[in-house]
Amino acid sequence: MHGVIIMATVKINGKEITVQDNTLILDAARDAGFEIPTFCYQADLMGIGSCRMCLVEIEGQKKLQPSCITPVLHGMSINTETPTVISARASMLEFLLANHALDCPVCDKGGECELQDMVYKYGPHKGRHAEKKFKFQEKDYALSPVIIKNSNRCVQCQKCVRVCAEVVGANVLGALGRGDHQEETSFFRHFLDCDQDGNCIEVCPVGCFMRLPYRYRTRPWDLKGADTVCPYCGTGCRMVIEHRDGVLIRSKAQLGVGLNSETLCARGRFGCDFASSTERLKTPLIRRGGSLEPASWEEALGYIKEHIPVNIGNKMGGIASPRLTNEELYLFQKLLRDIFGSPNLDSTARWEPEATEGFIKATGMDEGGVSVFDCMESDSVLVIGSHLSDENPVTDYIVRRIKNTRRMSLIIASPREMKLDSSATIKLRHSPGREAAVLDAIALAVNAGKPSPAEGAALKDAKIEDLIASAGVTKGAVEQIAQRLLAANSIAIIAGMEFLRHPEGIPELGLLKEALKSSGKKVLVMPALDRANQRGAWEMGVHPAFGPGYGPVKDKGLGCAGMLEAANRGDLDMMYIAGADVAAMHPDEEFTRKALLKLKLLVVQDIFLSETAKLAHVVLPGSSFAEKEGTFTNQEGRAQIIRKLLPPPGKAKRDLDVIRAVGEVYDPSFGPKMPVLVLDEIRNAAGMYAHVSLAFNNKRNTENKLDNRHALVQGSATSALSVTRFSAATTEPEGRFHLTTGNHLFHSGRFSRRSGTLLGLLSAAVVEISEKDAASLNLKSGDKVKVKGRHYEAILSLKTKKGSKEGVAFIAENYDDVPVNRFFKKGEPAPRVDITKVTY
Amino acid sequence: MGDGFKIFELVKKVLFTDFVKGLSITLGYNVSRSITHRYPDEEKWIPYRRFRGLHTLNKDEHGRELCVACELCSKACPTQCITVIPMEDDTGRGIADRVAKVWKVDLVRCLFCGYCEDACPTRAVRLGREYELACIDSRCNVRQREELLHPQPTPEAFEGGVVARATFIRKKRSIKVKADLMNTKKRSI
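Going down the list, the protein sequences come from chains G and R.
Numbered according to my numbering, the first sequence spans residues 6 to 845.
Numbered according to my numbering, the second sequence spans residues 20 to 208.
Hints in this document: simulated from the structure, not taken from any laboratory.
Do not rely on the hints blindly, as some may be mistaken.
Stated by the list, open to error - 20 Å max Cα-Cα, derived EDC-like pairs, lysine to aspartate or glutamate:
hint, chain 1, residue 1, chain 2, residue 2
1, G, K842, G, D778
2, R, K94, G, D778
3, R, K123, G, D250
Stated by the list, open to error - Short derived list, chain R residues pointing at chain G, Cβ under 8 Å:
hint, residue
4, L91
5, M106
6, R112
7, A115
8, R117
As the list claims (entries may be wrong) - Beyond 10 Å from chain G on every Cβ pair, some chain R residues (computed):
hint, residue
9, C89
10, C154
11, F187
It should be emphasised that the depicted structure is a prediction, and the values quoted were computed from it without experimental measurement.
Virtual Cβ for every residue (Gly too), placed ideally from N, Cα, C.
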């Protein structure tokens, strides 16, 4: 790999250029500034040279050669604009149009169609084919709830098939037939049960794959767009959201822009319609006589002023959603700490603040950003504690794409089967919540059974056999992993949200990192987060134990769980919850509701009337990501701009203005007013952000990798974090299945439930178990089953997965009809459940 | 300039020659055929086919709407007076499963340039021969699809360029001049 780079000098249209040997003629020509049209070529897909649009003339060769699969050779002389080439292009287009439906006025792609552009530019403007056009089918057919297909427009470029197999890894599309009767579709045109991410739609140069929700709603030239960042998971995909007449109609990715390039997942591509939902809150609400009544902003703010005294201190608590922008989060913690004098702050209802603090330390978030592309440069990548394919689908695409193009090993440790397994060198199925044992076992195996100095005390008495038994894995697999890690010079660990659900693994993560580092390896750790601005929320100091930039705070406050307990005891009177749906997301729903109802004042700022908002005294309508400006920091630590597309609905305000308005009630100088000015203040307050450059936004790159390291946050100089050891969690003795939870592929938290399209993808709640378990219980996928825990039982439909660990049941945390948090009880061991078939 | 000319002028004055000449023109018009259209009471001008009046949305021979809501007319429109919102309908309402949910034109903005006709790939939109667009309520300046889909009183096949007998109908909310296309006459100008 580290040999001398051989250069080749070639002549393109008489211009002499020197490029790296093995460069494709197409890339070389494009670099030299010559345009070559293509349909089937895409930088990150395998070249197949099928569309023949990129034919060029190479001197000395009789036939024209496809430039997208022909590498340059030293001394080659290439012509891209000779009459032969030009007429070949025109003829190619004539052939493509021979059977093309030419129903541009009806086609949704009309106006942004590559075939239209190409024919306009290179094409023959009349065809000589008088025969009747061949038709695949008369009517468009739906391939999935979001994809509709018209094969008559196909140009057989097979980009859809390749993106599905190579990037998404779903492998559900293929080519039926041969020649001009080849049709790229699902297996015999069956209805797809795939990731529904619509990447096939995005790469399709013509109107062959189309979005069903977008179908016949508008024309591309009617849309006004804003380049922004996806509000769902922590991957931080760049996308363009577009509206017509104030209704958010679609979101799309752009080739070569952002770390995701042209890919998005189902949530990002189809889930943004929540912004135009009719259920949005449009006016402030005040509880009057038991019910929430519409009120004016003056009344709502007056109500708050009347009830919350300034400097209320410990009696007040604040929870802000990790979907707010950095600017809003910063102002929120400033409001709580400076105006109300309260240290009680949290950004999540799901985890203990000690766990998040430890996780930040263990994954080295305070040491600055780590790019996912840097991680994928490593010799070995370990994915642990994350169901990457469901929680961060686009990170999964990046990992798969790069894994398939270079020699490296990918190790996946997870209790459940996931799509990325097919790319894994080694996959390890461990018992749920046993990441700690897995990591310890790996660490011991790496050091041949003896703990390294870094892990000395912690692992002194540990025996690899015990750890393996507790993790439910085989010794062979662990040793194989250790071998791979030992053979690697550089290692990247992608650590996910399971560490926060089962925090006893956090110190072990830190230990393995140190152990590998001490044996002279380069180690990178990247957290895989499931909320768009979770990292930003921590870095803005929305946490009880640290301030902006992970700096120390005067006195540590309570986290979400602590606040609820204090409220239940009567020690906490007031809460300001911005965006978070605590009642729905906090484990142990009953207790949460009880605690929230005991509050003297609950102020909720949200865009929908969430479960928490229904309990509030004052509800302030905020804005969705499409209605404000600001920055999100993704899981890598990359700060990216989100842009405003629409005005907030009705009397709703930007969240920044809402927080500022509350602050101004007490201190008229509370501010700053503009997001940009807040960012300036953040740069001063948090050193990590001092050098963050947002200039890379809108920058295109042809290489399809975002190499903007200057966009990553720096290390924190003032970091004062500590890792807490958690005692190992216990599980209930009864019940066949260990119940686990997380995000569903089509949902993220509760707010994706407001998207009509995503609801259509998966309306009923699903419980997922392994195929083996299902077989032994005589159940099959699709059956209605009863899931019975100690505190709650529910009827769900069953989904089986082939390679999952046995004895694990998974229910996503997103369904409002089956709130999985009802299975959990505060202070009790992890629940186990039984699954039985429902017979009617 | 001789005396003869002076005498001639004098004779003309005595005999009122110029007066008679002028009067003969006036009297001539009095007895000749009138070129004034007795519009709106008795007659109405039916323009030629090339005339560009109120928009009409056409249907094909099976009664299906030709408009596929491709929005090219609204794109081509220099005054942005056409609004099209498409929708899906495969009940056979249109020639394709894409039909217009909304197709409206703001006649106050429209300059009747005919670009929309030119842009239309299915010949759905044509500028018809209706030119009586005045009304007493400004809302009627925006004409909706439903209204435009009704065939105009002058069929496409009718040659035009004639004056038709007409009746003037006055109602409370509107006035209308109804032409009788069977009773027309060419009028030379």
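Consistency of the hints with the structure:
1. K842(G) to D778(G): holds (13 Å)
2. K94(R) to D778(G): Judged against 20 Å, a Cα distance of about 59 Å means the pair is violated.
3. K123(R) to D250(G): Since the Cα atoms of K123(R) and D250(G) sit roughly 15 Å apart, the hinted pair holds (cutoff 20 Å).
4. L91: Holds, because the Cβ-Cβ distance from L91(R) to chain G comes to roughly 7 Å (cut-off 8 Å).
5. M106: holds (6 Å)
6. R112: For R112(R), the interface hint is violated, since the closest Cβ of chain G sits about 13 Å away, which is over 8 Å.
7. A115: holds (5 Å)
8. R117: For R117(R), the interface hint holds, since the closest Cβ of chain G sits about 5 Å away, which is under 8 Å.
9. C89: violated (3 Å)
10. C154: holds (27 Å)
11. F187: holds (42 Å)
Consistency note: the structure conflicts with the earlier hints numbered 2, 6 and 9.
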